[in-house]
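Visitor: To convert, note that position 30 of the sequence shown is 30 in full-length UniProt numbering; the numbers rise steadily by one, no gaps.
If you're looking for bench data, these hints aren't it; they were derived computationally from the structure. What you were told as hints is all true, and nothing was included just to trick you.
With a Cα cut of at most 25 Å, we get these calculated BS3-like pairs of lysine-lysine:
| hint | residue 1 | residue 2 |
| --- | --- | --- |
| 1 | Lys226 | Lys119 |
| 2 | Lys362 | Lys252 |
| 3 | Lys49 | Lys14 |
| 4 | Lys167 | Lys226 |
| 5 | Lys119 | Lys167 |
| 6 | Lys369 | Lys396 |
| 7 | Lys49 | Lys396 |
| 8 | Lys167 | Lys252 |
| 9 | Lys362 | Lys412 |
| 10 | Lys457 | Lys14 |
| 11 | Lys369 | Lys412 |
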Amino acid sequence: MEMPRPNPDIIARKAELVSRMLEVLPADAVISDPSETRAYECDALTAYKCPPLAAILPSSTQQVSDALRICHAMGVPVVPRGSGTSLAGGALPTADSVILGVARLNDVLDTDYDNRFIKVQTGRTNLSVTGAVEEHGFFYAPDPSSQLACAIAGNIAMNSGGAHCLKYGVTTNNLMGVTMVLMDGTIMELGGAHLDAPGYDLLGLICGSEGQLGVVTEATLRILHKPEGARPVLMGFDSNEVAGQCVSDIIKAGVLPVAIEFMDRPCIRACEAFAKAGYPDCEALLIVEVEGSDAEIDEQLETIMAIARTHNPVELRQSTSAEESARIWLGRKSAFGAMGQINDYMCLDGTIPVSQLPFVLKRIGEMSKEFGLDVANVFHAGDGNMHPLILFDANKPGDLELCEAFGAEILKLCVEVGGCLTGEHGVGIEKRDLMVDQYAPQDLEMQMAVKDVFDPKWLLNPAKVFPLQSSESHRIAAE
1 MEMPRPNPDI IARKAELVSR MLEVLPADAV ISDPSETRAY ECDALTAYKC PPLAAILPSS
61 TQQVSDALRI CHAMGVPVVP RGSGTSLAGG ALPTADSVIL GVARLNDVLD TDYDNRFIKV
121 QTGRTNLSVT GAVEEHGFFY APDPSSQLAC AIAGNIAMNS GGAHCLKYGV TTNNLMGVTM
181 VLMDGTIMEL GGAHLDAPGY DLLGLICGSE GQLGVVTEAT LRILHKPEGA RPVLMGFDSN
241 EVAGQCVSDI IKAGVLPVAI EFMDRPCIRA CEAFAKAGYP DCEALLIVEV EGSDAEIDEQ
301 LETIMAIART HNPVELRQST SAEESARIWL GRKSAFGAMG QINDYMCLDG TIPVSQLPFV
361 LKRIGEMSKE FGLDVANVFH AGDGNMHPLI LFDANKPGDL ELCEAFGAEI LKLCVEVGGC
421 LTGEHGVGIE KRDLMVDQYA PQDLEMQMAV KDVFDPKWLL NPAKVFPLQS SESHRIAAE
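Using the sequences and the hints, build the whole thing.
Guide: Pasting the structure below:
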């Protein structure tokens, strides 16, 4: 993956940069020793690594503003970083950049149960937001698989979803307001503790902008009352295509489960070995969860299971206890880690119309044979957000490149059937050169014109989202 050439002048001025940072940040918040900056050389897309020039760890919005103002004046690129769980290289540094980590921005600033919101600093982890309100009977709905570790900042940057996005939506549907710092240090307030804001929907623009427009330091999030109860059902099928058709039929029937999750045989085996969730031995598995009162759950599951029976499932089983439900979801939430124990893999993030699931799964199986690389499928089937895991050997010359070529064909397939390149992982560096397969040149120019407004010098999160040649042209023109 090509990256822009580092600016030797900036690297030569490292000592000056560090000295100026120490004027606005505590000594332990400025990291410049090469042996320590290596901890920030990559995110969860570990195939690509590049140590940054330095890393800073501010603990307030004002400190972020002061640090960005220095970098802006010196022309130093800045890479915002949440918890480093990005699977698309969204936090990959360049050699002349400063990593701005938000890990120390982790306080709860306000909680209002009457108006159902919580305001937090964005370094706070996703799961800990629910942890802050659950004793009062509330929860924060978006639940990416990395929710134990991932930061709200990254969730906002990538518009993350999770297993329960079918009913509750993704981050943008649960985000009410942000405090954001522009590259020149300007502090902005967008939205707030209300349902809507006047004027242009700049909040919608910021959510999913991948750190290209500003650094979000505080967020006002919608919290919801916990449902009375929830119950998952396991459905095992003898082929991926049949499971995909079952998902399509459930959606067409007008039933709205809180989640529909899909796993194929390689993923089922890895997750079962890891979590002992009681998964059946089959080619494809669906986890379908509904919620509400006992009567509502029974009625919904009766309809869903009737649909499943028309597809001759090899197993159809409801959870019978809270403990069993927890094991079922532990298995699914552990999928990426469980697969990582047995093989190198690259995780994709294409989204397709649900009606195209049977065809796309069949085509992925055919392409797997063509490329000679196995694929494990695990994804949010209810909204068509696919996560094929392409297995490869990182120590075998040429295997990574073959894996990337295979992945590109899968993502192009997603676009061809009416879907898009990403659902929740973002574009990052992984998909930037595929943007031309989804957008016409004038469409990309329009998107880059938005970045021109917020970040005229093109210093924020360089080499991401847009094809490298296009973004470099804009950056050079801004110098």
